[in-house]
Structure formats: structure tokens, C-alpha cells
Amino acid sequence: MKLRDKNQIMDEMSMKRALTRIAHEIIEANKGVQGVAVVGIRRRGGPLAFRLADLIESIEGVRPPVGVLDITLYRDDLTALANQPQVHRTEVHFDITGMSIVLVDDVIYTGRTVRAGLDALIDLGRPKRIQLAVLIDRGHRELPIKPDFVGKNVPTSREEVVSVCVREIDGDDKVTIQELVP
Amino acid sequence: MGISAQSTQFNRRKDLLGLKDVSNEEIELILNTAIPMKDIIGREIKKVPTLRGKGMITVFYENSTRTRTSFELAGKYLSADTSNLAVSTSSVQKGETLRDTIKTLEMMGPDILVMRHGMTGAPHYVAQNTSMRVINAGDGTNEHPTQALLDMFSIREHKGRLAGLKVAIVGDILHSRVARSNIYGLAKFGCEIRVAGPPTMIPPGLDHLGVKVCFNLKDAIRDVDVVNVLRIQRERQQTGLFPSLEEYSELYMLRPEHLSLAADNAIVLHPGPINRGVEISTDIADSDTAVINEQVTNGVAVRMALLFLMMGGRRDEIAA
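Chain order of the listed sequences is Y and B. Each residue of the first sequence is one higher than the one before, counting from 1 in the working numbering. Each residue of the second sequence is one higher than the one before, counting from 1 in the working numbering.
No lab work stands behind these hints, which were simulated from the structure alone. All values derive from a computational prediction rather than experimental measurement. There could be a bad hint or two in this list.
[Stated by the list, open to error] With a straight-line cut-off of 30 Å between C-alpha atoms, the simulated DSSO-like cross-links for lysine-lysine are:
{"id": "1", "chain 1": "Y", "residue 1": "146", "chain 2": "B", "residue 2": "47"}
{"id": "2", "chain 1": "B", "residue 1": "38", "chain 2": "Y", "residue 2": "128"}
{"id": "3", "chain 1": "Y", "residue 1": "146", "chain 2": "Y", "residue 2": "31"}
{"id": "4", "chain 1": "B", "residue 1": "20", "chain 2": "B", "residue 2": "218"}
{"id": "5", "chain 1": "Y", "residue 1": "128", "chain 2": "B", "residue 2": "46"}
{"id": "6", "chain 1": "B", "residue 1": "54", "chain 2": "B", "residue 2": "14"}
{"id": "7", "chain 1": "B", "residue 1": "76", "chain 2": "Y", "residue 2": "128"}
{"id": "8", "chain 1": "B", "residue 1": "47", "chain 2": "Y", "residue 2": "128"}
{"id": "9", "chain 1": "Y", "residue 1": "16", "chain 2": "Y", "residue 2": "146"}
{"id": "10", "chain 1": "B", "residue 1": "47", "chain 2": "B", "residue 2": "218"}
{"id": "11", "chain 1": "Y", "residue 1": "6", "chain 2": "Y", "residue 2": "16"}
{"id": "12", "chain 1": "B", "residue 1": "166", "chain 2": "B", "residue 2": "188"}
{"id": "13", "chain 1": "B", "residue 1": "159", "chain 2": "B", "residue 2": "20"}
{"id": "14", "chain 1": "B", "residue 1": "38", "chain 2": "B", "residue 2": "54"}
{"id": "15", "chain 1": "Y", "residue 1": "31", "chain 2": "Y", "residue 2": "152"}
[As the list claims (entries may be wrong)] Chain Y side only, calculated, beta carbon under 8 Å to chain B, not exhaustive:
{"id": "16", "residue": "70"}
{"id": "17", "residue": "73"}
{"id": "18", "residue": "74"}
{"id": "19", "residue": "78"}
{"id": "20", "residue": "84"}
{"id": "21", "residue": "87"}
{"id": "22", "residue": "89"}
{"id": "23", "residue": "90"}
{"id": "24", "residue": "119"}
{"id": "25", "residue": "123"}
All residues carry an ideal CB built from backbone N, CA and C; glycine is no exception.
Next comes chain B alone, as it looks inside the complex (with noise of 0.2 Å):
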């Protein structure tokens, strides 16, 4: 064709399992390609032939709303056929193991794997049973590639540039999956990264990461260029690790009187889905600095970017 083929490496992987095995020029080449795929969202025919033939399969062994949702429209936007497990429903329920549930479903002949899955490194035990590409969308409390990559994304969108900014990291930091790759990517790219949370729920060892770890929440956030507000997952919380949510709102919720001391036009992310009152006040969510409603939409056009660099090519050319 009359157009010359880029060369990039980023189909010779296999997997996409999480963020800190990722180079530089890999995460930015998604970035990149994420803004053509955001402009496809907003067209009226939302549709490309790209991905015709391919098949993709999601598989969330937890409760998801937007990111499963957010890969199968990826999926769907791009023509490939996109199909969902409902864990609750399968087989799994009559003991199937992981790995022969796996095998069924590689059986019927999908090329991508899109998997959630509570124990940490469950994927990545996936992806070495499978020839199928796997997406990690969550494993345990270890990562979430394409949460960091689409808040990197609307980071990029509304700064310009990644390099130098200072962001903090607000809540749970210790079972955030969230925030751990966000960790990784940033730091690849020479943010300034603070985390806030109880000291239950900071992890030892953040910073040989780079991460200055502060117990207040004002000090966490004076300055800084974003703040990423976790949400206090519920369904991690039965071992007490804080008092109550009351005490965790009074200390950690952010509200208007912190923003103020956050550097001008600073933006504020969550990840959704959001706990009003507990970890971020209304008023913050509903204000023009809570970009909280652009990650969604920036969730499936950096979905679709992954999804089109891991597809093309042949499945045997890749190097496992």
C-alpha cells in the first residue's frame, strides 16, 4: 500500500499483565494511538473494520461495571467479536478449575483474553497455559494496566505532558492494584508521585519506588498537578484496618479546602465507582477540576489502542 508500515515492537508481546514490565515507548505508543481511537468514539458510526475476524473473550472472576463493559465496547468498536463469562453462571460455580476453564475457552478459538481474577498473578499463571494473548483487568491487589494507562492518559489530556508533574495518590494504597500501576507507569515517565492514606494502609517499601509517602492529607496534596483518589473498597475492608468510614471521611475525603492548596487547574481522578462522602466530597465530584466522567470514555479509546497493537499480526510470528 502507498503508506509505509511503522515499525513498532509492540506486538511482538504476548500479554499485557501489568505496567511494570512495560518500556517507555511501548506505554507511549498506546497513549498515541488512543487519541485517533478517542475520535472514533465520538463519530456517529463508531466502527472500524480493524479487527474483523479476531475474537475476544472477557473473563472477570469479580464485579466489574465499567471495565468489562469498556472492553467489550473496545472490542465491539474495532469489529472484533467480543464475548463475556459470566463467572456467577459457568461452570466455575461446579468446580472447574482455572485452568481447565481456560482451556475450553481458548478451545472455541478467541485470539485475546480479557481477565480479572481476586488472586494476584492469576493472569499471568493464565497466560503462560494459554496461546491466547491475555489482558490483565485486574489481578488481586497486584495491578490494573489499563486503569493506569487510560489515567495516564487523561493526565496527557489535560496537562500535556506526563514528565515532571507532581500527582498524589489518595486512600488504599495498600490493596489499590490501581494505584500500584499508576505508580509504575508515572514513574517511568518522571512524575513526582505522594501517596496519603492511613499507615495501615500504606505498604512498606513505596519508597525505594520513588514514592514520598505522607500521612496527612494536606501535605500530600500541596502543589501537586493531579490528585487520584482511590476508592475504599468495601469488599477489602473486613480486617479493620481503619475504624470506621466515618474517621476515614474526616481524614482522608477530599474536599474543596484541600484542592485549594493543590497547584492552579489541578485535575482530580477516580477510578471509579465512586463513594460519595467517603473518599471524595460531592462537591468535588460533580466540579469541572473531576475529570472523573472523561476516563470512562478515555477507558475504551485506550482499550481500543491496546486491542489494535496486540492483534495485528500473526499468531505465530509472536514471540511468546
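Pulled out of the complex, with its shape left as it was, chain Y reads as follows (with noise of 0.2 Å):
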């Protein structure tokens, strides 16, 4: 399967105004910080986790703890897989319970990665509430899930595949939608 890149919808500028308003968001919606923490689906959920803590600190001084959340093991399509991804290590180094927990990942599209995510937190804990924020909400759900925190909505084809490149992990910051070579 090869993909070339259809249009680019997002750089380095426009990621950071998306990340800087949910933070605002985040701080507005709870009030502050008191109680919060961020925690980011790997794989890119993981970095953008990270830098809506460092600007939320900018912004009230106090950071907000953060935590990457492996959901591998808690995927709802692993028997349809010929091969089984490689699972990682779920990294959440605070008590959960109790806290209001900002999940992070950088597209929302069926559903299906943040019910996983869910389940994978609330195992690891009982927080006092769960949002969802995501960089990217391309449509097509599947389940009864609504974001909390969108950067863009992106309506899209289930052709198209949306891809959310991180400088932590991509080398540069950029969205671009991309289309399936025929």
C-alpha cells in the first residue's frame, strides 16, 4: 500500500495556535489546573501530551502531570491482525484516581483507539473525570465518542488517510492529508 500526500492542512505554526487554544481550553474548562493531568495515546499522542503540559505551565505556572498510555494490548481488532504490533510500555508514574485526565492522541476518527484508551486508563485507576483532546477530528465515528478539545475538524474521505507528522518523533511538525496510489 503506498500513499502520496494529498494537500498539507497544518504546519509548524498553525499546530502550535491549535495546541496553545486547547491549552487555554483545558485550563478554562477545569478551572485551572488543580487536579489535572495530561496523558497521551503512544504514538503521537505521547509528544503532544507532553506539550500541552509545557503550555499549560506557561501559561498558570504550575505542570500538570503527564503520563503516555500504551493501548495495544486493550485493541479491539488484534484477531484481524495477521501480525500481532508491538506493544510498549504504558508510562503513567501518578495515582489516576481521583484526577481530572486530559487524553491526548492526534486524530479521532472511528472511536475505536480512545474506547481502547478508556479502558486502559480506568484499569489503571478511577478518575474523577476523562476529556479527550486530539490535534485532528477527521469524522467517521463509530462509537458514541465526542472530543472535549479538537485543534481542527477535517472532513475527510475513508480513502484519505490523515497524517500527523511530530518533530519528537518525524523530524518537522505537519498535517497533511494523503491519498492511496493506485
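Using the hints, put the two chains back together into the complex; each one sits in its own frame.
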């Protein structure tokens, strides 16, 4: 399966602005950062969670705890995959019980990753509430899941792929829509 | 889903019968996967839904405390349904053949069979005659692959690597499936392997595997990073391969004075159950250099990794 870039919808600056706005919205929705923690879903939700924590700290002067969730073992499509995906560690080194958790991912699509993330999170403790922040909402939900904070709504067709690049993993920051090469 | 399925060839493998024919990449994948699995064992909620709806059955024709329980808990922590055939109270005692017993179990629908048998090659025979995936939990004096995997995991956890380490395996090498699987596995990663034990308990041909044979414990232990002490298997000791347990312990029991010859921060492994005062002195068994208790936890983690890697994908996609 080969993909080619169709068009770029975000660059470094627009990603930064979107994340900064989300950071403000998180603070506003939670009336501060007391009891708030940010947890990213591997892989690209991880770096985004750390960036949101940095931004929240620069606005409020308090850094919320940050964690990274590996949801591989919670996927609902494992038996449909020919090969098992690599499992990585979940690194949430604080007690989430009683906290307001902001779950972070790069793209929300069917909602199945978030469903897995919610289950993985709840197995670590009992948060007071869970909110969802995503950089891109591309539609086509298959589960009743709705993000609380969205960087950009992007209408897509199911044949397209939304590719989020983050400098921590990919070397640069950008969001592109890709399509299959026939 | 949002994350890509990194392709691994592992679950194209139907069975795990020994480390002899397992690649370095597969071993590394198992060991790497065992790291997040070990985290799960340390959590308050020790359960993930990964293998929901999968069935696992353990059939042990020989006694076992840790291996069988370890597999069973590994399956349960991953939400598989696990069941154990108690051979001593089963129809095996009425003369049912191995093949018929396995066929009967297969018809109950489990996906994976974990098997220990006193005969070398029994799991291989079973694997060829069943659609279930088969994991060898020890066959005769041949292999015990999951023990070697947990030993390798424990070594890597303490030493940060496997490559280039010096490892001494001490005891009854001839009858030890643990030794055999360790030798196959460690040799693939470029470890320098030495064995020590009574001459009657050293099988011929070890030099072909690159193993150095020592008949003196001190020679074997000098400068090593790891000492893996084997249990003297009293159940396989009816043939008089050494005069007495007293003489064995005099010559081959690991004591602090031996360990002082090893490299700094050397660790001591033992597959258990330990015979205190026979192959290992109580001082060492209870010291910080012994990682024997950690090995037990690591065993569950490694078996969780293996079950996860083997039970993914649909059965009709598996190359037999």
C-alpha cells in the first residue's frame, strides 16, 4: 500500500496555535489545573501530551503530571491482524484516581482507539473525569465518542489518510492528507 | 485505528517447541514484549482484555509448581480462559494414548496447548497432530524454551544486554532441558558459555555448540557475569552418575568463595525448586546476588509475551 501527499492542512505554526488554544481551553474548562493530568496515547499522542503540559505550565505556572498510554493490549482488532503489533510500556507514574485526566491523541477517526484508551486508563485507577483532546477530528465515528477539545475539524473521505507528523518522532511538525496511489 | 500495526513475523509460527529453531529477532521480540507485560503484573488491576475469548489448556505429564502456575496466571492476566488437565487423575491413568487425549482436548476448542512430558519429542509429535498451537513446557531432557527465555530476560534486565556476556551453567548438564535451551538461546546472542559438572553429567558434543566444558567449578566461574545453577534432579538420578549427594555438594555446590572469583556484580540464577545445601549454599540462595525470586515473576511476564504474540491473528492464517 503506497500513499502520496494530497495536501498539507497544518504546518508548524498552525499546530502550535491550535495546541495553545487547546491548552487555554483545558485550563478554562477545569477552572485552573488543580487535579488535572495529561495522558497521551502512543505514539503521537505522547509528544502532544508533553507539549500541552508545557503550554499549560507556561500559562498557569503549574505543570500538570504527564503520562503515556500504550493501548495495544486493549485494541478490538487484534484477532483480525495477521501480525501482532509491538507492545510498548504504559508510563503513567502517578495515581490517576480522583484526577481530571485529559486524554490526548493526534487524530480521532472511528473512536476505537479512544475506546481502548478509556479502558486502559480505567484499569490504572478511577479518575474523577476524563476529557478528550485531539489535534485533528476527521469524522466517521463508529462509536458514541466526542472530543472535548479539537485542534481542527477536517472533513475526509474514508479512502484518505490523515498523517500527523511531530518533530519528536518525525523530525518536523505538519499535518497532511494522503491518498492511496492506485 | 490510529496506530500502525508494526509487522512482526512471530505469530506465523504455530508452535514453540524449542529455542533451537527460533531466530534472534523472535527472541528479542518476546523479551521486549515481556517488559510491558511485567508492568501489568505489578499493577493493582492485573488484567488486560487482550486474549478475551481465547482458550488455553495446560497438560503436564510431569510435576511442576512454577511453570504450570506461571502459564496459567499469564493466560488469566491476559483474559484467556485457562484450564488444566490433572494427568494423575485423568483418563491417561485408564490407558488412553497421548494422541487420543490430545484429540479429546482439541475437540473442546482451546486455541493453545501448553505441554510438559517426560519423553523427548512428545510436544513435537503432538504439534504435528493437532490444530492447536503448542508450547513446549519441558520435554524429557530436550528443551524447556520458556525457562531459557525467562533466564535471558532476567540476565538482560540486570546486565542491560546479552551479547558478549560470560555465562556459567553448573550441574547436571546431561539431563537438563534448562541447560540445553539456555545454550541454544544464549549462543545466538554471542554469549561465552561454560558448563561445569561431574564428567558423567556432561553430554558429548558441546564443543560443537561453542560451549566450553570445565570439570572444576572454580575454572567455570572465574570472571563470569552470570552463574546459572541447575537443580540436581533426584527423580532422574537412579543410575548412579555420581556417588552421593554429599560428594556432589563438596565439589559442585556454589558457595561464596566460588562467587568471589566471578566478575563484579555477577548474578546467580536457578530455575527452582532449589535444593539448599546440594547445588547451592543457603548463603548464596538468600543473598542479593541471587535473582531466583525475580525469575519467578519474569517467568509470568515472558509467558504473557509469548501467549500474546502466538495467539494473535486468525488461526486459518497461520502457516503450519
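> Is it true that the CA of residue 20 of chain B sits at most 30 Å from the CA of residue 218 of chain B?
Replying inline: holds (29 Å)
> Quick one, are residue 31 of chain Y and residue 152 of chain Y close enough, alpha carbons at most 30 Å?
Replying inline: holds (23 Å)
>> Hint check: residue 146 of chain Y vs residue 47 of chain B, CA-CA at most 30 Å. Holds or violated?
In response: holds (27 Å)
> For the pair supplied as a hint, residue 38 of chain B and residue 128 of chain Y, is the alpha-carbon distance within the 30 Å limit?
Replying inline: holds (27 Å)
>> Take the shortest C-beta to C-beta distance between residue 78 of chain Y and chain B; is it under 8 Å?
In response: Cβ of residue 78 of chain Y sits 5 Å from chain B, so the hint holds.
>> So if I understand the rule, the pair passes when the alpha-carbon distance is 30 Å or less; does residue 76 of chain B with residue 128 of chain Y pass?
In response: holds (29 Å)
> If you draw a straight line from the CA of residue 6 of chain Y to the CA of residue 16 of chain Y, is it 30 Å or shorter?
Replying inline: holds (22 Å)
> Is the Cα-Cα distance between residue 166 of chain B and residue 188 of chain B 30 Å or less?
Replying inline: Distance ~13 Å between residue 166 of chain B and residue 188 of chain B Cα, so the pair holds.
> Was the hint right that residue 74 of chain Y lines chain B, CB cutoff 8 Å?
Replying inline: holds (6 Å)
>> Please verify whether residue 146 of chain Y and residue 31 of chain Y have alpha carbons no more than 30 Å apart.
In response: holds (21 Å)
> Does the CB of residue 73 of chain Y sit less than 8 Å away from some CB of chain B?
Replying inline: Nearest chain B Cβ about 4 Å off; hint holds.
>> For a C-alpha distance cap of 30 Å, please report whether residue 38 of chain B and residue 54 of chain B respect it.
In response: Roughly 21 Å separates the two Cα atoms, so the pair holds.
Of the numbered hints stated above, the single one contradicted by the structure is hint 10.
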